[in-house]
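Sequential numbering of the sequence shown, starting at 531, is according to this note's numbering.
Since the hints were made in silico from the structure, they are not lab data.
Bear in mind the structure is a predicted one, so any value in this text is a computation, not a measurement.
No residue lacks a Cβ here, since even glycine has one placed at the ideal position from N, Cα and C.
Hints may be right or wrong, so weigh each one.
[Said to hold, decoys possible] Computed list of lysine-lysine pairs in DSBU-like fashion (alpha-carbon distance at most 30 Å, straight line):
1) 625 / 653
2) 625 / 635
3) 653 / 635
[Said to hold, decoys possible] Derived DEER-like restraints, expressed as beta-carbon distance ranges:
4) 682 / 533: 32 to 40 Å
5) 579 / 684: 38 to 46 Å
6) 696 / 552: 33 to 41 Å
7) 578 / 658: 22 to 30 Å
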Amino acid sequence: MAFVHLHTHSEYSLLDGANRIPDLVARTAELGMDTLAITDHGNLFAATAFYQQARAAQLRPILGFEAYLAFGPRQARERPPGAPAYYSHLVLLAKNRTGYHNLIKLSSIGFLEGYYRRPRIDKEVLERHQDGLVCLAACLSGEVALWLRQGNVEAATQSAEWFARTFG
531 MAFVHLHTHS EYSLLDGANR IPDLVARTAE LGMDTLAITD HGNLFAATAF YQQARAAQLR
591 PILGFEAYLA FGPRQARERP PGAPAYYSHL VLLAKNRTGY HNLIKLSSIG FLEGYYRRPR
651 IDKEVLERHQ DGLVCLAACL SGEVALWLRQ GNVEAATQSA EWFARTFG
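Produce the complete structure using the sequences and hints provided.
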């Protein structure tokens with residue numbers, strides 16, 4: 531089984547990423563890898579250019595983004611009492627065309643309905659648009675990790691169980 535980078539930021543991870551799409555594609559091919567995912571923070575700005583350039587280089591592109599998942603309603607401006615942060619990170623990858631369309635919806639909702647410091651979504655909207663998506667929750671800024679860092683094992687367990695129910 532080949533290694534695949536499933537959590538890669540490009541220059542479109544604003545104020546965070548520096549990798550340019552052509553360089554990522556070239557380096558992936560140079561290393562003999564055949565697949566790469568781009569998961570920029572909160573957006574799909576790189577999706578079209580990445581998809582086209584990866585396909586031209588005979589690579590399999592995986593489209594996704596690293597969502598900002600609010601600890602309360604996406605419209606809230608206050609940090610929920612007891613929450614370890616305003617939001618957590620959650621990598622979402624498209625398995626298929628339906629998943630890609632759901633990524634577009636989630637990113638748009640984050641900017642149009644949940645924008646406060648970052649384009650945030652919440653669990654309610656994620657449940658509605660989870661079809662065709664793979665969820666990676668291993669980030670140290672992910673919900674489970676943030677609860678554990680706060681010492682709240684019960685909340686971390688409940689969170690992990692929610693992700694398992696929602697994404698299978």
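Verification of the hints:
1. 625 / 653: With a Cα-Cα distance of about 20 Å, the restraint between residue 625 and residue 653 holds, given a limit of 30 Å.
2. 625 / 635: holds, 15 Å
3. 653 / 635: holds, 14 Å
4. 682 / 533: 32 to 40 Å: Once the Cβ atoms are compared, 33 Å apart, the range 32 to 40 Å for residue 533 and residue 682 holds.
5. 579 / 684: 38 to 46 Å: Check passed, 43 Å falls within 38 to 46 Å.
6. 696 / 552: 33 to 41 Å: Given about 36 Å between the Cβ atoms, the range holds.
7. 578 / 658: 22 to 30 Å: 25 Å Cβ-Cβ, so the 22 to 30 Å window holds.
Violated hints: none; the structure is consistent with every hint.
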